[in-house]
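*Asks:* Line order of the protein sequences matches chains A and B. Mapping of the first sequence onto our numbering: residues 479 to 751, in sequence order. Mapping of the second sequence onto our numbering: residues 479 to 751, in sequence order.
Think of the hints as simulated: they come from the structure by calculation, not from any bench. Please read these numbers as outputs of a predicted model, since none were measured by experiment. Keep in mind that a hint or two might mislead.
A pair holds if it fits inside one copy or across any two, identical chains being indistinguishable in the list.
[Claimed, not checked] No farther apart than 30 Å at their CA atoms in a straight line, the calculated lysine-lysine pairs in the BS3-like style are these:
no., residue 1, residue 2
1, K553, K506
2, K523, K553
3, K565, K523
4, K506, K623
5, K565, K553
6, K506, K523
2 protein chains.
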Amino acid sequence: MNVLFVFAHPDPHSLNGALRDSAVEDLKAQGHSVRITDLYAEGWKAVVDRADFPQLAPGTRLRVPQASRDAFQEKALTPDVQAEQEKLLWADTVILQFPLWWFAMPAILKGWVDRVYAYGFGYGVGEHSDRRWGDRYGEGTMAGKRAMLIVTAGGWESHYCRRGVNGFMEDLLFPIHHGILFYPGFEVLPPFVLYEADRLSEENYPAAAEALRSRMRTLETTQPIPYRRQNGGDYDIPRMELRAELDRPGISPFGLHLNESESRDGSMSNRAD
Amino acid sequence: MNVLFVFAHPDPHSLNGALRDSAVEDLKAQGHSVRITDLYAEGWKAVVDRADFPQLAPGTRLRVPQASRDAFQEKALTPDVQAEQEKLLWADTVILQFPLWWFAMPAILKGWVDRVYAYGFGYGVGEHSDRRWGDRYGEGTMAGKRAMLIVTAGGWESHYCRRGVNGFMEDLLFPIHHGILFYPGFEVLPPFVLYEADRLSEENYPAAAEALRSRMRTLETTQPIPYRRQNGGDYDIPRMELRAELDRPGISPFGLHLNESESRDGSMSNRAD
Chain A
479 MNVLFVFAHP
489 DPHSLNGALR
499 DSAVEDLKAQ
509 GHSVRITDLY
519 AEGWKAVVDR
529 ADFPQLAPGT
539 RLRVPQASRD
549 AFQEKALTPD
559 VQAEQEKLLW
569 ADTVILQFPL
579 WWFAMPAILK
589 GWVDRVYAYG
599 FGYGVGEHSD
609 RRWGDRYGEG
619 TMAGKRAMLI
629 VTAGGWESHY
639 CRRGVNGFME
649 DLLFPIHHGI
659 LFYPGFEVLP
669 PFVLYEADRL
679 SEENYPAAAE
689 ALRSRMRTLE
699 TTQPIPYRRQ
709 NGGDYDIPRM
719 ELRAELDRPG
729 ISPFGLHLNE
739 SESRDGSMSN
749 RAD
Chain B
479 MNVLFVFAHP
489 DPHSLNGALR
499 DSAVEDLKAQ
509 GHSVRITDLY
519 AEGWKAVVDR
529 ADFPQLAPGT
539 RLRVPQASRD
549 AFQEKALTPD
559 VQAEQEKLLW
569 ADTVILQFPL
579 WWFAMPAILK
589 GWVDRVYAYG
599 FGYGVGEHSD
609 RRWGDRYGEG
619 TMAGKRAMLI
629 VTAGGWESHY
639 CRRGVNGFME
649 DLLFPIHHGI
659 LFYPGFEVLP
669 PFVLYEADRL
679 SEENYPAAAE
689 ALRSRMRTLE
699 TTQPIPYRRQ
709 NGGDYDIPRM
719 ELRAELDRPG
729 ISPFGLHLNE
739 SESRDGSMSN
749 RAD
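Pulled out of the complex, with its shape left as it was, chain A reads as follows:
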């Protein structure tokens, strides 16, 4: 299996760096091929701007979707973006690893998404008709591949529980899981989340690293989060609203996009971390 790590921590000697190295070593020992995009080490350009679209005539408005579509079609995207797209096509499994900063990805990783997910590649794929609304949410360029998050958080796990003051982690990650990974077609595995990461002691590190390695050994067998496929009949097209009869009292708006019949318990709480 080909595994791509996209890594977003500024210090290779950090806890995140150690966890990454441990996970990668385990994957290689299993015989998998691993490539790493180390965003900080590579000096990744985080910001979408005119320089991303060299073919755009000076003085014209920068409409990002159109410029992205044209550059992708003309193979005129910048080499760094093309290289990342090639890695995504190569990979069977993609892992995004980052510290949770302000309840979201660090800017450098968000900029990887913003730039690499070009129109025609990450979105704007497939037929729009009265039967389907593009190849997205379960279909798309990444269909057949798996993805997973490795996240470190400073707060306590209870601060992120269902009633935790920081917001429920499962819902905080929904925009990434569903909106960034499921959207272009990935099957999304439950995340590996390490809480109180800044306070992890030397003596507790080995257990955390082993928990992560055990996830690396089940990448091919772990059940993905059972999100509903957009074009599978559950959503009205083109309103793209879940059919009213699939609403369930007591389920959060984000939770409605899970197909409960495919899940043991209708949530991500069967995750292995």
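Assemble chain B onto chain A, guided by the hints.
*Replies:* Then chain B, alone, in the frame of chain A:
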């Protein structure tokens, strides 16, 4: 009133640029003072890295919270970050304006948050004890100030409704509203969201701009989203979990952090846009 716009679109001639100019003009006509942080125009550095902490000894690990705390205490943060902190202290109301990219802020704006919200300024403020868990979620450096999002989205409004395939907009914005704005103390006003922004016609633009200007005229009187204060008794400390008796069946995890008794209908759906 002092109003700070933090603006995150790469093209000043965009719809976002036109809306911003219209809103700013209206605010000035009302007699308010307005300052603008135009992140793209100013070449904002999006990425947190060692260069942010010039006092950090070479070869030491970059632990971002500690480095941020030390640099803030020693007034050693970089001048661009200090300038933004000064603007935030100056402002009575802060407006973050951006196109929604991949269900979140553009990287450049996320990088503004990641860098400007230093430890001791945006977080790590106040006493941690068995009665309170820092000055956050309703208290903190920004207490007494208001904040509001102006967001453009490419999709249809129905794609972002409660059962919409993209996820419920109210919940998609929760990590920003609650996690980035309420956290350091802002009162958070309901957002102005413009859907199908890429397809807005010339003839429909004036109504959209007027709707935004009308929001600019009610910044001081609009009811904020009634988030619960962390240290007000609703959360168990230090678990920071909402007390079990405040759970309500049928309310989403994010929705639990609203104090329904302060809200007409327990949601943001009373928003004026």
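*Asks:* It remains to establish, for every hint, whether it holds in the given structure.
*Replies:* Verification of the hints:
| no. | hint | verdict |
| --- | --- | --- |
| 1 | K553 - K506 | neither (33 Å within a copy, 45 Å between copies) |
| 2 | K523 - K553 | both (19 Å within a copy, 28 Å between copies) |
| 3 | K565 - K523 | both (17 Å within a copy, 26 Å between copies) |
| 4 | K506 - K623 | within (19 Å within a copy, 52 Å between copies) |
| 5 | K565 - K553 | within (16 Å within a copy, 42 Å between copies) |
| 6 | K506 - K523 | within (29 Å within a copy, 36 Å between copies) |
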